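K.L.:
Read off the chains here:
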Amino acid sequence: MSDLPNSDQLLHIDNLNVEFPSVHGPVQAVRNVSFSMGREKIAIVGESGSGKSQTGRAILGLSPGNVTADKLVFDGTDLQTLSMRDYREIRGKRISMVMQDPKYSLNPVMKVGKQMIEACQVQMKISKKDAHTRCMDMLEAVRIRDPKRVFNAYPHEVSGGMGQRIMIAMMLLSSPDLLIADEPTSALDVTVQLQVLAIMDDLVKERGMGLILISHDLPLVASFCDRILVMYAGRIVEEIGASELDQAKHPYTRGLLSCLPSNASKGQPLATLQRQESWLNSSLDAEGNLV
Amino acid sequence: MTSMQTAENADIAIDIDNLSIHFGSGEDLVKAVDQVSFKIPAKQSFGLVGESGSGKSTILRALAGLNTHCGGQMLLAGEALQNERSKAFYKKVQMVFQDPYASLHPRHTIDKILAEPLAIHGLDNAERRISEVMEQVALPTKFRFRYPHQLSGGQRQRVAIARALILEPKILLLDEPTSALDVSIQAEILNLLNRLRDELSLTYLLVSHDLGVVSYMCEQIAVMQHGKLVELLEVDEHGESHAQHPYTVQLNLASKGYDREVIGQFIDHD
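From first to last, the protein sequence lines stand for chains A and B.
According to the working numbering, the first sequence is numbered sequentially starting from 5.
According to the working numbering, the second sequence is numbered sequentially starting from 225.
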């Protein structure tokens with residue numbers, strides 16, 4: 005029994021905790037989260053405050069809270085023992101993150117192209133000319149029809165969908181092994197949302213990336229990802245294959261599905277979620293009972 | 225003949241006739257709303273859907289008097305609206321905004337927020353009205369002297385609805401009332417809106433980008449694209465609407481979830 009994870013394992017997390025100090029004692033944002041993933045698409049789903057974004061940030065070493073874990077291993081590297089300098093070698097280069105809102109994540113006073121070239125040069129140490137070609141290629145890869153115009157535009161001159169594509173293009177410059185996308189499409193219209201997901205989907209397939217999609221939209225991720233981790237109050241309460249979502253056992257997962265208006269019959273009141281105290285600390289056993 | 229016409233008009237709460245709203249001029253002219261017409265019968269829910277920039281919120285804001293319009297007219301119960309709105313108008317028509325984090329005064333208690341419309345309209349019995357309206361929207365009385373930041377998003381949206389209802393309006397303009405909320409909270413707010421509509425015989429004009437929400441809530445749906453109304457749909461009792469227009473069909477497909485094959489065939493409608 006070796007401590008080394010097997011080769012197809014990209015990320016292995018064991019017992020991750022994130023804690024924030026407060027006047028009322030520490031607040032546990034993430035509690036005992038464990039999962040491992042290969043080069044696949046997994047989703048972390050939960051409501052606001054469930055700890056899903058904090059989990060993503062902890063992986064990148066960007067959490068302002070107190071992060072502890074028994075294991076936090078990325079592709080054979082123990083992330084917890086890394087120095088700040090070594091972490092920077094991984095962050096952005098091998099693990100990238102796409103944030104929710106392009107409006108707040110792009111520099112508003114810098115042209116898109118200049119930002120991208122800067123990212124390119126910092127991460128890959130290549131010449132400006134090569135960086136330029138690479139940026140254009142990436143903008144084309146995310147299906148921006150007129151990359152030249154976008155390259156020379158300021159962030160406020162492009163639409164939300166376009167902005168999010170630029171963000172994705174930027175994150176993909178260094179061909180990362182793992183992409184963490186934190187609600188990458190919730191600010192977008194439905195059709196654009198799907199088009200952006202399709203771009204990420206194709207990239208995962210072509211380049212063999214791993215993708216962690218953080219979202220609150222359960223039906224959407226069920227149709228998009230391979231596996232779903234459902235988080236409630238900082239813990240993973242259920243892990244389920246996307247195609248088996250209709251057989252979800254945890255009352256929280258089932259509750260989330262039943263309160264959707266598209267699953268309800270017109271004229272009947274929607275089912276509402278009755279949160280149980282017991283969900284905070286109990287887990288599902290093999291038979292699907294809460295213990 | 226005139227008596228028949230008035231009888232007909234009496235059942236129409238809102239009549240939007242050939243409405244156009246333009247911003248800017250010359251080369252920068254934006255036709256935010258372009259010759260849109262529809263009628264909303266009293267006590268119905270009418271949904272406006274479309275992607276961002278399609279003009280759906282602009283129509284709502286124009287109705288509320290927050291935008292001036294430049295073509296066509298808007299009739300409220302048969303009476304044409306002028307660009308200046310009277311106090312009596314706001315007694316009849318109230319609006320609930322998208323973001324409950326931004327639409328409540330951060331330094332007013334819930335009590336003060338709810339008392340303000342009463343003071344503006346010179347209504348008495350503030351004490352009784354406030355406790356009644358809080359009961360209507362199922363807000364426990366302990367919240368009455370709290371500040372908005374001490375409430376969750378769903379509770380804040382209940383306050384926003386209570387503030388609109390306290391004047392006993394006939395028409396509620398709802399601008400994406402649940403899109404800032406989690407789905408479980410969305411269900412509670414939608415149930416609340418449906419219950420209030422039955423109890424108080426309200427007419428709703430609901431703007432949303434979520435076809436699921438609108439199909440569940442409304443009897444009629446208008447689909448907007450680039451300021452134009454592209455399709456007017458009746459929703460049957462199963463929540464189905466049988467769209468014909470390619471844009472609506474695509475919107476329908478998109479709300480069904482991710483399917484790589486289908487997305488490859490999406491057309492950019494711009």
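There may be inaccurate statements among the hints.
[As the list claims (entries may be wrong)] The list that follows gives simulated cross-link-like pairs (lysine-lysine, DSSO-like), each with its CA atoms no further than 27 angstroms apart: (1) B:K263 - A:K270; (2) B:K316 - B:K267; (3) B:K316 - A:K209.
[Unchecked claim] Here chain B is said to cover these stretches of chain A; the calculated rule only asks that three of the stretch's residues, wherever they fall, bring their Cβ under 8 angstroms from a Cβ of chain B: (4) 24–32; (5) 107–121; (6) 224–238.
[Said to hold, decoys possible] Not the full set, but computed from the structure, chain A residues with beta-carbon under 7 angstroms of chain B: (7) D150; (8) A191; (9) S266.
Bear in mind the hints are in silico, worked out from the structure with no lab data behind them.
From a predicted model like this one, the values you see are computed outputs, not experimental measurements.
For each residue, glycine too, the CB sits at the ideal point set by N, CA and C.
K.L.:
All hints are to be evaluated individually against the structure, with a verdict given for each.
P.N.:
Status of each hint after checking the structure:
1. At roughly 22 angstroms between alpha-carbon atoms, B:K263 and A:K270 fall within 27 angstroms of each other, so this suggested pair holds.
2. A threshold of 27 angstroms between alpha carbons decides the hint, and for B:K316 with B:K267 the separation of about 13 angstroms falls inside it, so the pair holds.
3. About 56 angstroms separates the Cα atoms of B:K316 and A:K209, which puts this hinted pair outside 27 angstroms; it is violated.
4. Counting residues of the segment 24–32 of chain A whose CB falls under 8 angstroms from any CB of chain B gives 0; the rule of at least 3 is not met.
5. Only residues whose C-beta sits within less than 8 angstroms of a C-beta in chain B count toward coverage, and the segment 107–121 of chain A has 0 of them, not enough to reach three; the restraint is violated.
6. With 4 residues having a Cβ less than 8 angstroms from any Cβ of chain B, the segment 224–238 of chain A passes the three-residue criterion, so the hint holds.
7. Annotation: A:D150 was flagged as interfacial toward chain B, and the flag is violated, the nearest CB pair being 12 angstroms apart, outside 7 angstroms.
8. A hinted interface residue such as A:A191 counts as satisfied when its beta carbon comes closer than 7 angstroms to some beta carbon of chain B; here the least separation is about 9 angstroms, so the hint is violated.
9. Because the closest C-beta pair between A:S266 and chain B is about 4 angstroms apart, less than 7 angstroms, the hint holds.
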